[in-house]
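Each residue of the sequence shown is one higher than the one before, counting from 0 in numbering that gives the first Met the number 0.
Just so you know, the hints here were simulated from the structure itself, not pulled from any lab data. Some clues are possibly wrong.
Now the in silico label distances, taken between C-beta atoms and shown as ranges [said to hold, decoys possible]:
#1 Glu48 <-> Asp18: 41 to 47 Å
#2 Val25 <-> Asp57: 28 to 34 Å
#3 Cys34 <-> Leu63: 15 to 21 Å
#4 Cys34 <-> Cys56: 35 to 41 Å
#5 Gln37 <-> Glu70: 18 to 24 Å
#6 Val14 <-> Asp57: 22 to 28 Å
#7 Glu51 <-> Pro13: 20 to 26 Å
Ideal Cβ positions, reconstructed from N, Cα and C, are used throughout, including at glycine.
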Amino acid sequence: MTDERTCPHETSEPVEVRDHTTGGLVTVARICTTCLAQLPAAWGCPACEWSETRALCDPVPQLLLARPCQEHA
Numbered sequence: 000m001t002d003e004r005t006c007p008h009e010t011s012e013p014v015e016v017r018d019h020t021t022g023g024l025v026t027v028a029r030i031c032t033t034c035l036a037q038l039p040a041a042w043g044c045p046a047c048e049w050s051e052t053r054a055l056c057d058p059v060p061q062l063l064l065a066r067p068c069q070e071h072a
């Protein structure tokens, strides 16, 4: 899994690779189109549950994938 640190932006593009067993595409990460940060593949999924944490002096909270949906498990 990718690093679960996140950026405050909402726009991202998927990074997809071909699944050799099914021939379909699988999203392995997402890239923020504003700051180019690497985000988890589940970023933006409304079915996944996220936990928000903030360290002292952090300008934005960090989101951690608390409970992935069936697709991202």
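Cross-check of the supplied hints:
no.: 1; hint: Glu48 <-> Asp18: 41 to 47 Å; result: violated, 25 Å
no.: 2; hint: Val25 <-> Asp57: 28 to 34 Å; result: holds, 31 Å
no.: 3; hint: Cys34 <-> Leu63: 15 to 21 Å; result: holds, 19 Å
no.: 4; hint: Cys34 <-> Cys56: 35 to 41 Å; result: violated, 19 Å
no.: 5; hint: Gln37 <-> Glu70: 18 to 24 Å; result: holds, 19 Å
no.: 6; hint: Val14 <-> Asp57: 22 to 28 Å; result: holds, 26 Å
no.: 7; hint: Glu51 <-> Pro13: 20 to 26 Å; result: holds, 23 Å
Comparing the model with each earlier hint shows violations of hints 1, 4; every other hint is respected.
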